[in-house]
Amino acid sequence: MKILILGAGQVGSTVAESLVSEANDITVVDSDSDKLRQLQDRLDLRTLTGNAAHPSVLEQAGIADADMLLAVTQSDEVNLVACKLAATLYNTPTRIARIRATDYLERPEVFSAGNFCVNFSICPEQILTEYIVKLIEFPEALQVLEFAGGKASLVAVRAFEGGPLVGNPLNFLRSHMPQVETRVAAIFRKDRPLIPEGNTMIEDGDEIFFIAATDNIRSVLSEMRRMDKPTKRVMIVGGGNIGRRLAKALERDYQVKLIEYNKKSCEKLAGELAKTLVLNGDGTDEKLMQQEHVDEVDVFCALTNDDENNIMSALLAKQGGARKVIALINRSAYVGLVQGGKIDIALSPAQVTIGSLLAYVRQGDVAAVHSLRRGAAEALELVAHGDRQSSRVVGRRIDEVDLPKGATIGAIVRGDQVIMGHHDTLIEAEDHVIVFVINRQMVKKVEKLFQVSIGFF
Amino acid sequence: MERTLTVIHALGLMLVVFSVAYLLPVVTAVIYADNTVLLDFLLAMICTLAIGFLMWLLTRRSKGELSIRHGYLLVVAMWTAMPMFATLPLLLAIPGLSFTDAYFETMSGMTTTGATVLTGLDNLPPAINVWRHELNWVGGMGIIVLAVAILPLLGIGGRQLFKAETPGPMKDTALTPRITETARNLWLVYLGITIACILSLKAAGMNWLDAICHAFAAMGLGGFSTHDASIGYFNSPAIEAVLIVFMLIAAMNFSTHFLAWRKKSLSLYLRDVEGLATVAVTLASCVGIGTFLWWQGTYPSFWTALRHASFNLVSLATDCGFASADFNQWPIFAPMWMLFLSCVVASSGSTGGGIKMVRTMILFKQAGREFVKLLHPAAVNPMKIGGQVIPNSVVFAVLGFIFLYFMSVATLTFLLLISGLDFISAFSAIIACINNAGPGLGVVGPASNFGVLTDFQTWVCTFAMLVGRLEIFTVLILFTPHFWRR
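Quick note, the sequences are listed as chains A and B, same order.
Numbering-wise, the first sequence is residues 1401 to 1857 according to our numbering.
Numbering-wise, the second sequence is residues 1020 to 1505 according to our numbering.
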């Protein structure tokens, strides 16, 4: 596919990196030639320096035959204009824009065909905030991912010695809690992913990925490990885009303290936020943390722009007694370094965003794509189209489907119903099928499997 | 010198406009076929008109923009001069009335205090009563607001006057971008509600004269009455209920009333945190004091206690000044609480007095902020009222105001004490006058009036009324050397 990416910032470059490995023609446009040079040195793509909203620049970048436009520059307005031009002048089939301002996001008419012609708008800050809110809602979880519009959820928990899981085989779960519908999608043990079989024994320290209907998550978690006290106190370091949104989203239901270094930003934040206590100080100042009772904090989030600061303040907070610490880490090299250590959750904003973005890029009818922790697996949500003749999936039992080795079907969402994937479950048309693959290379094979043959249309 | 002439020019014009106010009692005198009084009013009207016109004419060449400093001078001049001219009919129509007493009466009328030195109100010529009550009504919205709507047409700037006159700490929140629009709109709302009040009182059982007079006094939160016994004369729960409603309405910010009327939505009242606080505190106190009076046995039945407590409490808390019972006889906690409320409850932008509810809220919140600062030294915690951030400069201004208010009350009380008045009477008289509430306690209680004071004491109270109505700073600034330095 020919893809034009506008903006070589964090989102732009991470997306480019993901897509380039899947045999797509990528061109990246940015006004900063240094950023482009760094990208060009690493990846096999074309770059162009210029203003992304100018028609001549777009033409030079090859918009005339582009299949998809990804407008992810720093400016909402540039993104909107580029999409409008792509639609009206060049008929680009798919146009995705990154939008930050809540003012635009609250009015979907802005993106309609009569206005700026944006097929799909993403707000990475919003996606990230919602993700963190979910993590806070389920303090036991290490990762929470939603599928099928929120009907099914995938949750990661760590098994610990003395809990109901360790020392038992997986099929013990079914007999232990027959009334709860859940399935283990993957297990991550000592830095290696495992595709679980019925007789896999669970060990201390394993990270286990469950899939269940979202309504059942609470009961699944309570069976898996002792229920932690619900979250009451949240401390956030960094009052930027994400920190501010998070505080606003949380302050009604939790006691939130927000630490921000810049005095002027503090004043602005204090004016906007209703119940959050805004503190002016350094997130890596352990004295400030002690003063503000970090030892009573349930969830500590380090969300500044600086990876190193986030890591340090998260570590200090954990040392100081915070129950769970989350750190925002942009550099993927650091993510691997930090995860599994004292920091409970290392969030890579690009990874979280890309899940929804990539779904658009893939062929077949892929509704969602998420990477599990540390690349333990990829979870895909595909829609099964067609009928028994035209599709290799519809009308067959799960054990009849010719899945590549290392891929498993976790669950099926049919309408509002979430059905766990047992070997004899039948797949019907328009089912949302959730598939787990052990590595990214298999994704294409699975996509191909779900494609309908020409005869269907 | 040039600028002072501009002040005189504006003052002259104001007096000319003010003379129009005499028309209402003139019409009343004609209706009641009271020729002597008619002549008195006509004389007063011509006098005011002539002097005002002369002042205006002689300073014709001094038209120009007023500086802030002269804005203040003009306001104080207006509030001292107009009551002076307003005494003319009283001096002419009431034999034996001293200027001291007449000036107290008209100042009480225009500052909407409602304390009276006159006895035999029931027997006064109707035109005189209408005049007294009209002063309440006009004083209520501030002649200044009217002037701001008219003076700009003649090239005299309005913004400085508005700053000096409007009550409340946040003086720069304008309803409509142009100040004349704002003033005119507020007057229309005021007029509209007054008419509703008149009709309601008539329906509740008053005659037209009483309904008009008491509606004027209620909307201006003045508290004058056509009867010595005030509202106690009617002994009617219906009338008391109507008045409670309108007093509460008048004690809320008129901008809120205007916006609610323009947007045709009641939800705006819910967003006016100050108004909500005014009503909530008042109603809660009514129940509290009612229960207290019943418990103390002042009234045999709970409902009677509640009725009398509510009316008198709302009247004093909103700084109106009507009375339906002699609360001087109640256990001292009740009237003291009522006087305390008269200091803090009325909203800014209303016709009430006291320090205004928004300042009260700011003070409480500031205390809260101090506590937060002690516990969380790194906290950034701006003052917020109704979701809006209030800058520290406003908070400081409020703290300064409170200090001056307190010192004014203390100094003036001491002056009364020196002159021989007893403590309860002295303290309550000053509180009642500086808050423009009306009746005090002791010898100036609701069963009595301010006529019993000596001339010196009367002047002290007159000064207190002026200082209170113009929010302390406006008057006291004239006494600072800074003001007069070039």
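Honestly, the hints are just simulated from the structure, not real lab data.
Some hints could be false.
[Claimed, not checked] Computed, partial: chain A to chain B, Cβ under 10 Å:
hint, residue
1, L1677
2, Q1691
3, D1695
Where is the CB? At the ideal position from N, CA and C, for every residue including glycine.
We went through each hint and held it up to the structure:
no. : hint  : verdict
1   : L1677 : holds, 6 Å
2   : Q1691 : holds, 7 Å
3   : D1695 : violated, 16 Å
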